[in-house]
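There are 2 protein chains.
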Amino acid sequence: ANPMRETARAPRVREIMNKKVVSITEDEEIRTAAKKLLKGETNHLPVLDKNGVLVGIVTTYDISKAVVGDGKHRLVREIMTKRVFKATPEEPVDIAAQKLERNNISALPVVDTENRVVGILSAIDLGKLFGGRWQR
Amino acid sequence: ANPMRETARAPRVREIMNKKVVSITEDEEIRTAAKKLLKGETNHLPVLDKNGVLVGIVTTYDISKAVVGDGKHRLVREIMTKRVFKATPEEPVDIAAQKLERNNISALPVVDTENRVVGILSAIDLGKLFGGRWQR
Ligand SMILES: C[S@@+](CC[C@H](N)C(=O)[O-])C[C@H]1O[C@@H](n2cnc3c(N)ncnc32)[C@H](O)[C@@H]1O
Chain A
367 ANPMRETARA PRVREIMNKK VVSITEDEEI RTAAKKLLKG ETNHLPVLDK
417 NGVLVGIVTT YDISKAVVGD GKHRLVREIM TKRVFKATPE EPVDIAAQKL
467 ERNNISALPV VDTENRVVGI LSAIDLGKLF GGRWQR
Chain B
367 ANPMRETARA PRVREIMNKK VVSITEDEEI RTAAKKLLKG ETNHLPVLDK
417 NGVLVGIVTT YDISKAVVGD GKHRLVREIM TKRVFKATPE EPVDIAAQKL
467 ERNNISALPV VDTENRVVGI LSAIDLGKLF GGRWQR
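So the sequences go chain by chain: A and B.
Using the UniProt record's numbering, you'd call the opening residue of the first sequence number 367 and step up by one each time.
Using the UniProt record's numbering, you'd call the opening residue of the second sequence number 367 and step up by one each time.
Looking at chain A on its own, in the form it has when it is part of the complex:
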């Protein structure tokens, strides 16, 4: 009913996003992406083009699909998801949470106005904040 008041209360994506982002470029090999993912630090690799602009995202889901399938793909660009759902640093976290839920995904790259990745917001980060709310 009062959007001004609501946005004043909601934390921003910037406050809970992870600023340490592991990424990959679109012309690297799938096995390089797999190695990065299997280090276990992240389950979401933003894919960048030569200019550092976000062009896709790759997860262990895509790796499994590629290897379990016909195995004919070799490069990240062939298996990445190109239509990336993302967030901005100033976005209220409830809007970001809705994007995760509606699209059944578990993380959003956070981009600046030039589509450069400045962070990543995962459902686990949201859960962290959520846990905190009920503890205090």
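Fair warning: there could be bad hints in the mix.
One copy or any two copies: either way a pair holds, since identical chains are not told apart in the list.
Claimed, not checked - Cross-link-like lysine to any residue pairs, in silico, SDA-like; alpha carbons within 20 Å at most:
(1) K402 with N481
(2) K448 with E392
(3) K438 with L420
(4) K405 with G435
(5) K405 with D436
(6) K416 with E395
(7) K401 with I445
(8) K386 with D415
(9) K465 with I445
(10) K465 with I382
(11) K452 with R482
(12) K402 with V483
(13) K452 with N481
(14) K465 with E407
(15) K386 with N469
(16) K402 with V434
(17) K452 with D415
(18) K416 with R443
(19) K401 with N470
(20) K402 with N469
(21) K385 with G418
(22) K416 with R380
(23) K431 with T398
(24) K402 with V387
(25) K385 with K494
(26) K385 with E480
(27) K465 with P455
These are calculated hints, taken from the structure and not from any lab test.
For this one, chain A is given, so just place chain B with the ligand on it according to the hints.
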């Protein structure tokens, strides 16, 4: 300071968990697990023994690891994570959120007193509830 009051306020796992659980048994083939995961309905397959008791969990992370690695494994029990973090239906969601965060995982099987899976709680489900709180 007042745990009684806090638990009275916090929603329970039962209220937001997903009751439709896709699972697998430990002696099925890895490719069967991959097929179930790649249908995209879930990223977490609880693994059950012959008596329906929870004995492990498998995600696309484990599938990727198995296929990208030496490829010598064939059965789910060989690649599943055996030490499963889980929740109970009556657990407050903030406790469950902490388990996700501290263990860097994105879902918890929800079990009854006999270790039978009655639901699954994902970080996305938590985000859903979280989004709702700032909207109202
Ligand atoms: C450590 S996470 C790393 C990737 C990513 N952070 C994620 O949440 O999927 C991946 C591993 O966690 C395991 N895992 C997922 N949910 C689990 C749970 N509830 N209890 C124990 N292990 C779990 C999977 O079997 C997989 O080996």
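Homo-oligomer pair classification [E407, K465; C-alpha up to 20 Å] = between (23 Å within a copy, 17 Å between copies)
ask   = What label fits K431 with T398 when the C-alpha limit is 20 Å: within, between, both, or neither?
value = both (16 Å within a copy, 13 Å between copies)
Intra- versus inter-subunit Cα pairing at 20 Å for K401 with I445 = both (15 Å within a copy, 17 Å between copies)
ask   = Is it within, between, both, or neither for K386 and D415, if the alpha carbons may be no more than 20 Å apart?
value = Within one copy, since 19 Å is at most 20 Å while 39 Å is not.
key: Within, between, both or neither: K416, R380 at alpha-carbon 20 Å   = neither (25 Å within a copy, 47 Å between copies)
ask   = How would you label the pair K405, D436 (within, between, both, or neither) given a Cα cut-off of 20 Å?
value = between (25 Å within a copy, 16 Å between copies)
inquiry  = Please sort K416 with E395 into within, between, both or neither, judging by C-alpha distance up to 20 Å.
reply    = within (15 Å within a copy, 40 Å between copies)
ask   = Should K401 paired with N470 be assigned to within, between, both, or neither, using CA atoms and 20 Å as the limit?
value = This pair counts as between: shortest inter-copy Cα distance 18 Å, intra-copy 24 Å.
ask   = Is it within a copy, between copies, both, or neither that the alpha carbon of K402 lies no farther than 20 Å from that of V434?
value = So K402 and V434 pass the 20 Å test inside a copy (19 Å) and across (12 Å) alike.
request  = Using 20 Å as the alpha carbon limit, work out where K438 and L420 are close: within a copy, between copies, both or neither.
outcome  = Neither, since 25 Å and 36 Å both go past 20 Å.
request  = Could you figure out if K386 and N469 sit no more than 20 Å apart (CA to CA) within one copy, between two copies, both or neither?
outcome  = between (24 Å within a copy, 18 Å between copies)
ask   = For the identical chains here, do K452 and N481 meet the 20 Å Cα criterion within one copy, between copies, both, or neither?
value = within (10 Å within a copy, 38 Å between copies)
Hint violations for this structure: numbers 1, 3, 9, 22, all remaining hints satisfied.
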